[in-house]
Amino acid sequence: MRFSSLGLLAAFSALVACQNASSNYIVDLGYAKYRGSLNDTYTNIVNYYGIRYAAPPVGDLRWQPPMDIESHSNLTPTRVQDATTRGPTCVQGIPYWRQTTTPSGSEDCLLLDVLVPKKPASDYVPVLVQIHGGGYDQGNSQSNPGYMMVNQSNDNLIYVSIQYRLAVFGFMSSAEVRENGAANAGLLDQRAALGWVQRNIRAFGGDPSKVTIIGGSAGGGSVMDQLILYGGVPNPPFRAAIAEYPWWQSYKNNTILEAQYRQMLSATKCDNLACLRSQSTQSLIDAMQTSLVSTGWESYYGWGDFYYGPAIDGEVIRDLPSNEFKRGHFSKVPLIVNRDAYEGYNYSPMNISTQSNLTRELNTIFPYAKPSFFKRLYQLYPANEFNGTFWRRAQIYGDYIIDCPTYYMATAMSDWGMPTWKFLFNAGSQLHGADGPFLWGPPESINNFTISNILKDWYLGFVQNLDPNSVSNSGTQKPFWPQYQSEGTMDFPIMDINYTMMGVTPDFDANARCDFFHGQSYVVRN
Numbered sequence: 001m002r003f004s005s006l007g008l009l010a011a012f013s014a015l016v017a018c019q020n021a022s023s024n025y026i027v028d029l030g031y032a033k034y035r036g037s038l039n040d041t042y043t044n045i046v047n048y049y050g051i052r053y054a055a056p057p058v059g060d061l062r063w064q065p066p067m068d069i070e071s072h073s074n075l076t077p078t079r080v081q082d083a084t085t086r087g088p089t090c091v092q093g094i095p096y097w098r099q100t101t102t103p104s105g106s107e108d109c110l111l112l113d114v115l116v117p118k119k120p121a122s123d124y125v126p127v128l129v130q131i132h133g134g135g136y137d138q139g140n141s142q143s144n145p146g147y148m149m150v151n152q153s154n155d156n157l158i159y160v161s162i163q164y165r166l167a168v169f170g171f172m173s174s175a176e177v178r179e180n181g182a183a184n185a186g187l188l189d190q191r192a193a194l195g196w197v198q199r200n201i202r203a204f205g206g207d208p209s210k211v212t213i214i215g216g217s218a219g220g221g222s223v224m225d226q227l228i229l230y231g232g233v234p235n236p237p238f239r240a241a242i243a244e245y246p247w248w249q250s251y252k253n254n255t256i257l258e259a260q261y262r263q264m265l266s267a268t269k270c271d272n273l274a275c276l277r278s279q280s281t282q283s284l285i286d287a288m289q290t291s292l293v294s295t296g297w298e299s300y301y302g303w304g305d306f307y308y309g310p311a312i313d314g315e316v317i318r319d320l321p322s323n324e325f326k327r328g329h330f331s332k333v334p335l336i337v338n339r340d341a342y343e344g345y346n347y348s349p350m351n352i353s354t355q356s357n358l359t360r361e362l363n364t365i366f367p368y369a370k371p372s373f374f375k376r377l378y379q380l381y382p383a384n385e386f387n388g389t390f391w392r393r394a395q396i397y398g399d400y401i402i403d404c405p406t407y408y409m410a411t412a413m414s415d416w417g418m419p420t421w422k423f424l425f426n427a428g429s430q431l432h433g434a435d436g437p438f439l440w441g442p443p444e445s446i447n448n449f450t451i452s453n454i455l456k457d458w459y460l461g462f463v464q465n466l467d468p469n470s471v472s473n474s475g476t477q478k479p480f481w482p483q484y485q486s487e488g489t490m491d492f493p494i495m496d497i498n499y500t501m502m503g504v505t506p507d508f509d510a511n512a513r514c515d516f517f518h519g520q521s522y523v524v525r526n
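So the sequence shown is numbered by UniProt numbering: it starts at 1 and just counts up by one.
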């Protein structure tokens with residue numbers, strides 16, 4: 001085949017143009033360079049996928065604190081790394097009551113994604129860092145894509161979504177792990193990712209002094225964990241926090257933590273932690289999944305709960321979240337917190353039908369509860385207020401695991417003088433995570449763009465100016481959202497959102513039920 005000189009020149013020019021275009025998306029971090037790509041749908045956004053923020057936590061690095069990538073990698077400063085395709089997700093665990101899929105994932109997963117405006121509004125723009133949810137067992141950096149948020153920001157936001165070790169890989173916290181490794185490794189991963197953001201986000205055009213963390217469900221619980229990490233540090237690597245329907249999972253006691261460890265030893269025929277570190281990934285996955293199934297049926301953990309998760313280790317997590325918030329042991333930053341209308345629905349067994357069955361089932365959630373606990377509980381949740389035992393259980397569990405924690409966090413942060421806002425989401429499915437599609441999309445999943453635009457404007461105002469009322473990028477008129485304990489005639493004002501109205505109302509969770517839970521030592525521990 002023969003080419004004319006004109007054709008060759010055109011081909012060469014096209015190649016040079018392509019190379020020049022792609023070079024615009026190369027970011028130099030000093031220790032490595034990464035090439036991103038223009039987003040196919042939102043062409044004003046550049047994607048950088050699968051960037052390492054820590055060394056792969058494999059072999060001897062299992063159940064150890066994450067090692068920063070700058071000092072623990074073989075990356076070459078002059079070689080351009082490809083960041084145009086997504087990296088592997090972390091190994092997923094599946095609880096006994098959700099046995100619908102097969103565990104998958106990789107241990108080499110301490111990665112993050114960065115979404116950057118193609119033409120940022122200023123030299124250094126605010127940063128929103130997403131910590132995904134999934135019961136500390138599941139989820140990944142793709143769980144809440146941030147394209148719609150960056151798009152509505154008018155080029156004034158960088159969005160970072162992180163991954164962290166899950167299930168037994170991130171949350172095995174027995175005595176031997178504490179002595180010869182690190183408990184709560186998954187939480188340390190999250191903090192390490194935030195450290196990476198502080199050190200490197202300027203290279204993308206982000207402002208490290210204007211970082212807000214956000215997460216929903218266990219991601220919201222992780223936001224809470226980051227607030228109480230090390231007893232609540234005075235200068236955390238973020239200036240504000242958004243805890244969406246924060247999942248305050250029961251912290252397992254030392255008996256359960258030791259049982260988790262012994263189950264892993266038994267299933268792998270090991271007798272110490274060094275042996276576990278020598279096992280193949282698949283061997284550990286198989287052992288983990290065996291423990292998740294068998295212990296559920298043996299009532300080590302209850303329906304709707306997750307077996308692995310954060311634990312009190314005396315250093316990273318020093319006490320129960322309820323105690324830490326009561327005592328002011330948390331980082332003092334502006335806060336947005338929310339919940340959905342029916343948080344307990346997805347986490348309650350449909351076949352529960354009598355009060356005796358309810359008591360027996362709740363004993364797996366509250367294993368040290370005395371008869372007086374249940375007497376008062378049923379006074380606060382009388383059967384005649386609910387359309388069946390399932391709905392009664394769903395309300396109890398939803399209040400315990402999410403609804404009341406939003407009240408605890410909002411009052412504590414507000415009492416310490418921090419600007420705080422709370423909203424109740426009564427639109428969409430009204431179930432756990434109902435506001436997610438309105439914030440993260442995709443657009444075809446949104447059935448009310450007015451609500452979607454207002455929510456994103458509120459979040460953008462908070463991230464950019466620490467005030468949700470300060471931004472109206474969408475052009476959609478929105479009501480004024482007062483702070484949680486503002487001066488005026490209403491105590492604990494929150495924003496109530498449904499399809500027919502958005503209005504301010506007193507906090508529904510400021511009630512005797514939440515006061516009862518707050519006063520109990522009901523969380524599983526020594």
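Errors might be hidden in some of the hints.
Listed next, with one range per pair, are the computed distances between beta-carbon atoms [what the hints assert, rightly or not]:
1) Tyr-499 / Asn-24: 38 to 46 Å
2) Gln-282 / Gly-195: 54 to 62 Å
3) Ser-353 / Asn-44: 15 to 23 Å
4) Thr-84 / Asn-465: 31 to 39 Å
5) Met-501 / Pro-77: 28 to 36 Å
Honestly, the hints are just simulated from the structure, not real lab data.
The C-beta atom is built at its ideal place from N, Cα and C for all residues, glycine as well.
Outcome of the hint check:
{"no.": "1", "hint": "Tyr-499 / Asn-24: 38 to 46 Å", "result": "43 Å, holds"}
{"no.": "2", "hint": "Gln-282 / Gly-195: 54 to 62 Å", "result": "31 Å, violated"}
{"no.": "3", "hint": "Ser-353 / Asn-44: 15 to 23 Å", "result": "54 Å, violated"}
{"no.": "4", "hint": "Thr-84 / Asn-465: 31 to 39 Å", "result": "33 Å, holds"}
{"no.": "5", "hint": "Met-501 / Pro-77: 28 to 36 Å", "result": "56 Å, violated"}
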